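All chains, full assembly: derive it from the sequences and hints.
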Amino acid sequence: MKEGANPGMDGVKKLVAGRLATVTVEQHPDADVLTAFAEHALSDVEREQVLHHLGACKDCRETLHLAAENSPEAQPVLSFQPKRRPSLMFRWGAVAASVVIVGAAVITRYPARQAVQYSQKPAAPPVENYSKVAEEKTPPDVRGMRHRLAPASTPPIKERPAEKHMTAKPRANMEFDGTDQVHVAGSPRLDEDKKKADQPLTVMGRNTLPLPAASQAQASGQGANELQLADKDQRQTGADVGYAARAAKQKSLHGNLSGVIQGTVVDPSGALVNNAKVTMNGPVGSKTATSDAQGNFVFSSLASGSYSIKTEAAGFKSSEIADVAVADDKPAAVGVRLEPGSASETVEVSAAAVSANVGAAAEVETAPARAGTVGGPITGSLQQNTVTNNTPAMMKMVSIPQWRLSVDGIVQRSFDVGGSWQNVTVSKKAVFTVLCTVKQHVWVGGKGGMLFHSVDAGQSWQHVRPSEANEKLSSDVTHIDFPDPSNGSVSASNGEVWRTSDGGRIWRRQ
Amino acid sequence: MSDATITTALTPGFAELYHKGKAAEFGLAPEKFVALLEEIASRCAPESTQKQKEEFCSRLYIEDLVLTRMCAAGNERAWEVFMRRFREKLYDVGRQITREDSAGRDLADSVYAELYGTRTREGERVSKLNSYSGRGSLDGWLRTVLAQEYVNRYRRQRKLVSLDEESEEGTQYAAAEPAPVAPLDARLERATDEALRSLSAEDRFVLASYFLDERTLAQIARALSVHESTISRKVEKLTKGLRKQILKNLLKQGMSRRQAEEAVTADVRDISLNIRASLAQDSAVASFSEKGAKAGEGGS
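These protein sequence lines map, in sequence, to chains Y and V. Throughout the first sequence, residue numbering follows the numbering used here, covering 1 to 510 in sequence. Throughout the second sequence, residue numbering follows the numbering used here, covering 1001 to 1300 in sequence.
Source of the hints: derived by calculation from the structure; they are not laboratory data. Please note that a few of the clues may not be correct.
[What the hints assert, rightly or not] Per label pair, the in silico range of CB-to-CB distance:
#1 Y/A322 with V/Y1116: 55 to 63 angstroms
#2 V/R1077 with Y/Q510: 29 to 37 angstroms
#3 V/A1218 with Y/D323: 39 to 47 angstroms
#4 Y/A322 with V/E1039: 14 to 22 angstroms
#5 V/R1233 with Y/A303: 48 to 56 angstroms
#6 Y/V431 with V/K1032: 25 to 33 angstroms
#7 Y/S486 with V/E1236: 28 to 36 angstroms
#8 V/L1251 with Y/S486: 54 to 62 angstroms
#9 V/R1243 with Y/R505: 26 to 34 angstroms
#10 Y/G305 with V/E1039: 54 to 62 angstroms
#11 Y/S474 with V/R1077: 22 to 30 angstroms
#12 Y/G103 with V/A1218: 25 to 33 angstroms
[Said to hold, decoys possible] Far from chain Y, by Cβ distances over 10 angstroms, these chain V residues were calculated:
#13 H1019
#14 E1124
#15 L1207
Given the structure is predicted, the values throughout are model-derived calculations rather than measurements. The C-beta atom is built at its ideal place from N, Cα and C for all residues, glycine as well.
Printed below as a string of structure tokens:
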């Protein structure tokens, strides 16, 4: 204790209040500087000055926290500074590897269950066709067959013969390089797979069977429907037949030009990037494709050899992957992850493609949305045979997007704390005027009662139409307020207030 | 205005910004646009070359900047856009800050009046929007302005309200009042002060927020745009480091190892409280940007 001083509790209070009052700061940063500080837009020198001030100024700390508390981007932002903290990256990498291995073990142990979950949860691409799922991409006749054979297509778990390789142990040696690409070196088990190319391959609980040459010829001549019936394996899926038929057709048309490169474009959060311009350069010249709603792109009719893949999209740095090896009849799978930034900046990475067998290609074709989704469900076969750029997500910590509306009423998001913004297509018709985010949920509203909701940080959107007893929201949405993902209200220009307490399923008008 | 006219009036870099900022849409002439960017670059990035200035300007929220300046200039179209984007948002943030509907609306209205400019200088309205430089987002700037206004109001009000009344009214201020600090051994106080002085500005900010303001790890993490676990580790590391340093300083002052250990470990709360007191006593260095020093613009 201080010599000679032993004040009671009241005295201590006064003492503390007095000492706090002695904190006098002549100059405060204005709102502009504080905002720039909060959004990491200051130079290092200025940032240091602001931090120095904040360390001593209670009022400015209070302002900063109050403003940050109420920001739409007041969602957890994960820092990623691998250069300064390499050891941390490895630590995260170890955690990520553990998660992937455990996840793979769980998923492969229960593939049938996983398949059901997947079918229930659509890939949910952006734009209005969010309900499109991978299954819908298959031809109608094949889909019809799949439904007819549905009872047989889900084998009892005890009959699954693939338990041996449904383990968490990777079948190939995966190597992570500095460019976040995954290289798969040959492994005894992978080689063994190649030798067993004619053997059934278990994919998501189904057995797929690469078609013999005779069947392929039949496929090109008579169509997939007959092929399916000709194949005695009733558990073979229509999608597998569909792919085989297409592959056979390609082969018959192009002779030696039967190489294929297919891939998926994702952003740092793992969200699929559509409308990305993908340019391929190689022995057959240059070709350009655009990624579809699932972020997928395909180059077919390629001669075997080495190719480069350049990917460009608005709001992202260009990505160039060199030396993608293409072999006849072996589709090369490429995973492209775009980093936010200016298109004039190019990220060069080493080859990321490996030859995958037909089974793996069929898997990509059947369920494209999963192929490049970081952190999404990973099937055993996909992990074994397809290399995408889904470097363990936790090795590359990314920020949860920030949101805003542009002057034109377009929804925009940023992955670099507002450094760059990319347009998010929610609805081509709507002009949005209000936006509300809470955790991963994003609500946007506009004229004519337009109201859209995303539960996955903008990867997919649903058009929400609040209604009650033949009354529905039709006036301009002027205000959206969701303190939490379940409870919220939407105000309209005619004074109506619509409330929900279950995340937007049921609405009450007030 | 045709593209050719713009191209001749602006450098390629500024022409792109002019287009990006939709300046033509609001009728902002290229010359005025350049003058605006030059002014901001000179203010925020003085002593930089032309190329550096262009690079600085390319990082600005140019669309927001043009919008605010045109609002400040009284452009009706700009105000229409501003109102459409921010009218409800201002009320939302006001309500969230005050946690009360009418007070929130009052706060937002008051800030809106400042944004619009109720005062005049030399016959022209003085709009607070003119102080927005575009370095941060307009959305964030408005939140900060509202938060500053709220803190200012509280501070003004606090001068008029007795402590008793304040306690009856309940907590108005989001930050907790600091806990009482027991007077400490002078040597321990000195040792703690010395240890704190060796910390970086960011570390002091973290400690002040955590010990003094009793902010949560999540709140501090949000303010620094890092993960909560980063702050958690930092606080733990800082506390351990401070303890070591304080012990070292006590030994330097002639205490025996045992005495120093006892002084530090007798009551851990004393140490944390002492850190609080030391942080609170520190005075800020007035080394801010020129803009920050401008009277009337500094918020808090």
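How the hints compare with the structure:
Distance hint check: the CB atoms of Y/A322 and V/Y1116 are about 56 angstroms apart, consistent with the given range 55 to 63 angstroms. At about 34 angstroms, the CB distance of V/R1077 to Y/Q510 agrees with the hint of 29 to 37 angstroms. Here the CB-CB span from V/A1218 to Y/D323 is close to 45 angstroms, well matched to the stated 39 to 47 angstroms. Between Y/A322 and V/E1039 the Cβ separation comes to about 46 angstroms, which falls outside the hinted range of 14 to 22 angstroms.
The given range of 48 to 56 angstroms is respected by V/R1233 and Y/A303, whose C-beta atoms sit roughly 53 angstroms from each other. Range check, Y/V431 to V/K1032: Cβ separation about 29 angstroms, and the 25 to 33 angstroms hint holds. Range check, Y/S486 to V/E1236: about 35 angstroms between beta-carbon atoms, so the 28 to 36 angstroms window is met. In this structure the hint that V/L1251 and Y/S486 lie 54 to 62 angstroms apart at CB holds, the actual value being about 57 angstroms.
The hint said 26 to 34 angstroms for the Cβ distance between V/R1243 and Y/R505, and at roughly 53 angstroms that hint is violated. A beta carbon spacing of about 56 angstroms between Y/G305 and V/E1039 agrees with the range 54 to 62 angstroms that was offered as a hint. Range check, Y/S474 to V/R1077: about 27 angstroms between beta-carbon atoms, so the 22 to 30 angstroms window is met. Distance hint check for Y/G103 and V/A1218: the Cβ-Cβ separation is about 27 angstroms, which falls inside the suggested range of 25 to 33 angstroms.
The beta carbon of V/H1019 sits about 13 angstroms from the closest Cβ of chain Y, which is more than 10 angstroms, so the claim that it is off the interface holds. In this structure V/E1124 is separated from chain Y by more than 10 angstroms, as the shortest Cβ-Cβ distance comes to about 21 angstroms. Distance check for V/L1207 against chain Y: the nearest CB is about 8 angstroms away, which does not clear 10 angstroms, and the non-interface claim fails.
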